[in-house]
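Student: Produce the entire structure from the sequences given, and follow the hints as far as they go.
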Amino acid sequence: SQTIHQWPATLVQPVGSPLSLECTVEGTSNPNLYWYRQAAGRGLQLLFYSVGIGQISSEVPQNLSASRPQDRQFILSSKKLLLSDSGFYLCALMGEAYNEQFFGPGTRLTVL
Amino acid sequence: QKEVEQDPGPLSVPEGAIVSLNCTYSNSAFQYFMWYRQYSRKGPELLMYTYSSGNKEDGRFTAQVDKSSKYISLFIRDSQPSDSATYLCAMTSGGYQKVTFGTGTKLQVIP
Numbered sequence: 022s023q024t025i026h027q028w029p030a031t032l033v034q035p036v037g038s039p040l041s042l043e044c045t046v047e048g049t050s051n052p053n054l055y056w057y058r059q060a061a062g063r064g065l066q067l068l069f070y071s072v073g074i075g076q077i078s079s080e081v082p083q084n085l086s087a088s089r090p091q092d093r094q095f096i097l098s099s100k101k102l103l104l105s106d107s108g109f110y111l112c113a114l115m116g117e118a119y120n121e122q123f124f125g126p127g128t129r130l131t132v133l
Numbered sequence: 071q072k073e074v075e076q077d078p079g080p081l082s083v084p085e086g087a088i089v090s091l092n093c094t095y096s097n098s099a100f101q102y103f104m105w106y107r108q109y110s111r112k113g114p115e116l117l118m119y120t121y122s123s124g125n126k127e128d129g130r131f132t133a134q135v136d137k138s139s140k141y142i143s144l145f146i147r148d149s150q151p152s153d154s155a156t157y158l159c160a161m162t163s164g165g166y167q168k169v170t171f172g173t174g175t176k177l178q179v180i181p
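Quick note, the sequences are listed as chains E and C, same order.
In terms of my numbering, the first sequence opens at residue 22 and continues consecutively.
In terms of my numbering, the second sequence opens at residue 71 and continues consecutively.
Hints may contain errors.
As a list, the in silico DSSO-like pairs of lysine-lysine whose alpha-carbon atoms are at most 30 Å apart [stated by the list, open to error]:
hint: 1; chain 1: C; residue 1: Lys137; chain 2: C; residue 2: Lys176
hint: 2; chain 1: E; residue 1: Lys100; chain 2: C; residue 2: Lys168
hint: 3; chain 1: C; residue 1: Lys168; chain 2: E; residue 2: Lys101
hint: 4; chain 1: C; residue 1: Lys140; chain 2: C; residue 2: Lys72
hint: 5; chain 1: C; residue 1: Lys168; chain 2: C; residue 2: Lys140
hint: 6; chain 1: C; residue 1: Lys72; chain 2: C; residue 2: Lys112
hint: 7; chain 1: C; residue 1: Lys176; chain 2: C; residue 2: Lys72
hint: 8; chain 1: C; residue 1: Lys176; chain 2: C; residue 2: Lys112
hint: 9; chain 1: E; residue 1: Lys101; chain 2: C; residue 2: Lys112
hint: 10; chain 1: C; residue 1: Lys176; chain 2: C; residue 2: Lys140
hint: 11; chain 1: C; residue 1: Lys137; chain 2: E; residue 2: Lys100
Anything over 12 Å on all C-beta distances counts as not near chain E; from chain C, calculated [said to hold, decoys possible]:
hint: 12; residue: Pro84
hint: 13; residue: Gln101
hint: 14; residue: Ser139
For the record, the hints were derived by calculation from the structure and aren't laboratory data.
In this text, a Cβ means the ideal position worked out from N, Cα and C, and glycines have one as well.
Tutor: This is the structure in C-alpha cells:
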C-alpha cells in the first residue's frame, strides 16, 4: 500500500529564513504528487503539483518553489519566508481510480 | 462565488445522534465526490467517495449526491466521540483535473 512521509512534523522559523520541506512516498511508482497548504478557515490551497521527475506546475504565484529530484521525492522550498507562509503543509499523491488524493501527515510551519 | 461551499460549523451533537454534513457546488462538470475526515493536527484521510448521483453506504456512513441540485451530503449514524473531527468535502471532474476542496466542517460529538 502507498505511504507518504513528511518531515519535519513541526517547524518554527523566523521571517526571512529559508525553508525546505520534504515529502517521500513508498509503495507506488511515478505518482502524481501535490503540495497543499491549509490555513485556518481557508481550506486546502493547492500550491504545486508534479506528474514526473523535474516536472512542476505552480498553481499560486508566491515566494515558494517546488522540486522533484527523484520519482518518489517532492520538496517544497523558500529562500525567504514571510509571515503569511505559516500554515499546515500537506503532501499528497493521486490515486489511480478517480483523482482521489491521499495525504501525508503534514508539516506545521510557524513563521515568527 | 466559491466553487464549493461548506458550512464551517462547529457542529456539536450528543453521542448517538445522526449527523448531516453538507456541501454545495457550482461547477456542473464535477462527477467524483469525496469526503475526508481530518483529526486535529493530522492529514486528511479519505472516508468515502461516490461517482455521479446516488447514495453510497459504508457502515455508519452514507454519502449522498444530488447533481441536479449540486448538493452533496454525508450522514453519520450513531455518532461516536471518535467521530469528532473536521470533515472536508472534495470533488473533481476526473480526467486528471485538480480536486477542489470545501473549507471543512468541524464536528464535535459529546459523550
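Student: Now tell me if each hint is right for this structure.
Tutor: Results of checking the hints against the structure:
no.	hint	in the structure
1	Lys137/C to Lys176/C	holds, 24 Å
2	Lys100/E to Lys168/C	holds, 27 Å
3	Lys168/C to Lys101/E	holds, 28 Å
4	Lys140/C to Lys72/C	holds, 13 Å
5	Lys168/C to Lys140/C	holds, 18 Å
6	Lys72/C to Lys112/C	holds, 25 Å
7	Lys176/C to Lys72/C	holds, 19 Å
8	Lys176/C to Lys112/C	holds, 14 Å
9	Lys101/E to Lys112/C	holds, 26 Å
10	Lys176/C to Lys140/C	holds, 22 Å
11	Lys137/C to Lys100/E	violated, 44 Å
12	Pro84	holds, 26 Å
13	Gln101	violated, 8 Å
14	Ser139	holds, 21 Å
When the structure is compared with the earlier hints, violations turn up for hints 11, 13 and for no others.
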